[in-house]
Amino acid sequence: MTAPRILEVRTRILKANDELARSMRREFERLGVLVVNLVSSPGTGKTTFLQDTLARFVRQGVPVAAVVGDLETDNDARRLAASGAPVRQIMTHGMCHLEADMVQQHLSGWDLGSLHYLFIENVGNLVCPTSWDLGESVRLALLSVTEGEDKPLKYPGLFNTADLAALTKLDLAEACEFNRELARDNIDAVRPGMRIIETSAKTGAGMEEWMAFLAERRQSLLASAGART
Amino acid sequence: MHELSLATHVVEIVSEHLRQAGGGRVAAVTLRLGQLSCVHKDALEYSFALVCEGTPLAGAELRIVMVPVVIFCPTCGNEVELPSLQRFACPVCGTRTADIRQGRELDIESVELLEPSS
Numbered sequence: 001m002t003a004p005r006i007l008e009v010r011t012r013i014l015k016a017n018d019e020l021a022r023s024m025r026r027e028f029e030r031l032g033v034l035v036v037n038l039v040s041s042p043g044t045g046k047t048t049f050l051q052d053t054l055a056r057f058v059r060q061g062v063p064v065a066a067v068v069g070d071l072e073t074d075n076d077a078r079r080l081a082a083s084g085a086p087v088r089q090i091m092t093h094g095m096c097h098l099e100a101d102m103v104q105q106h107l108s109g110w111d112l113g114s115l116h117y118l119f120i121e122n123v124g125n126l127v128c129p130t131s132w133d134l135g136e137s138v139r140l141a142l143l144s145v146t147e148g149e150d151k152p153l154k155y156p157g158l159f160n161t162a163d164l165a166a167l168t169k170l171d172l173a174e175a176c177e178f179n180r181e182l183a184r185d186n187i188d189a190v191r192p193g194m195r196i197i198e199t200s201a202k203t204g205a206g207m208e209e210w211m212a213f214l215a216e217r218r219q220s221l222l223a224s225a226g227a228r229t
Numbered sequence: 001m002h003e004l005s006l007a008t009h010v011v012e013i014v015s016e017h018l019r020q021a022g023g024g025r026v027a028a029v030t031l032r033l034g035q036l037s038c039v040h041k042d043a044l045e046y047s048f049a050l051v052c053e054g055t056p057l058a059g060a061e062l063r064i065v066m067v068p069v070v071i072f073c074p075t076c077g078n079e080v081e082l083p084s085l086q087r088f089a090c091p092v093c094g095t096r097t098a099d100i101r102q103g104r105e106l107d108i109e110s111v112e113l114l115e116p117s118s
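Here the protein sequences come in this chain order: L and S.
Numbering-wise, the first sequence is residues 1 to 229 according to our numbering.
Numbering-wise, the second sequence is residues 1 to 118 according to our numbering.
If we strip away everything but chain L, and leave its shape as in the complex, we get (with noise of 0.2 Å):
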């Protein structure tokens, strides 16, 4: 009996996403533009969140976009459009995540270079998105108030992959009982270091605290980028 032929195959499933992510992000950091992606559970107030933050940008005059993904309806899209930014919907039928080239798709006809801030709104899941790079340079994970505590120990994959965490709806904090120390540590036991920020966009606590964050993490992106040329 000869021995069973074995090919060495040795290569990541997710080669081909990776490789597009990678010449996205690279692009999109040459064109000084910082892509945020949103992940979260359905119901979290990813849309709300995006939908301040976008509001927030068109009156300062800074040029920003979004994807948002879902599975049907356009319903988001029109609600993120409301701020004034250009918004598109990506309807994934089905799908439980976003894929690089979806995102690419798009995009085709922005003019990419004269945007600050691309925002990419993913399907609402705690799963499926973790290991699918967009092309960000930022990975926002977020949780409600009304979700409990200890929802990133239940999903520690996709908390772990994020750089920055958002608790939204603190505004619903005293009715829900939520322990914010005990989600922080929560947080803070499945991604160790990790900056979260406490927001509510009904009373817009928080979000001068982002809109920072984001300002900064825009500035090192546009020094680094100019570091290389």
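Calculated from the structure, these hints are not laboratory results.
All of these numbers come straight from a predicted model, not from anything done at the bench.
Just so you know, not all the hints are guaranteed correct.
SDA-like cross-link-like pairs, simulated, lysine to any residue; straight-line CA separation at most 25 Å [unchecked claim]:
#, chain 1, residue 1, chain 2, residue 2
1, L, K154, S, G54
2, L, K151, S, D42
3, L, K154, S, A89
4, L, K15, S, A98
5, L, K15, S, G54
6, L, K15, S, E16
7, S, K41, S, V67
8, L, K151, S, H40
9, L, K154, S, D42
Since the structure of chain L is provided, determine the placement of chain S on it from the hints.
Same frame as chain L, now just chain S:
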């Protein structure tokens, strides 16, 4: 169900390697999946069998090697296996660390081919 998408990529990549190797049929595919890869094993196996139909991978066995998470503890100066995904801390001294050295793998390791006669 992102496992369907993963399975599709696995079949595409293996088919391409097979073409380059001069064809043949596949007996088994071995994957290395990190504990942080968020893959549901049963869902992946189910999707894989489905996507393999009508390809040279039809009927192939899927072998999954789970890769534990390894962190680097800055206090101990050692790489250590993480006993729990709920706490990214050194199991020896308790220092929390985000320095992950292993455990995010989503890799195709190897392919075992069926002998032409079998």
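Hint-by-hint comparison with the structure:
1. L/K154 x S/G54: Given pair L/K154, S/G54 is violated - Cα atoms ~38 Å apart, limit 25 Å.
2. L/K151 x S/D42: Within the cut-off at roughly 23 Å; holds.
3. L/K154 x S/A89: Holds. L/K154 to S/A89 sits at ~17 Å (cutoff 25 Å).
4. L/K15 x S/A98: holds (24 Å)
5. L/K15 x S/G54: holds (24 Å)
6. L/K15 x S/E16: Holds, at about 13 Å.
7. S/K41 x S/V67: With Cα atoms ~13 Å apart, S/K41 and S/V67 stay inside 25 Å; holds.
8. L/K151 x S/H40: Roughly 18 Å between the alpha carbons, so the hint for L/K151 and S/H40 holds.
9. L/K154 x S/D42: holds (19 Å)
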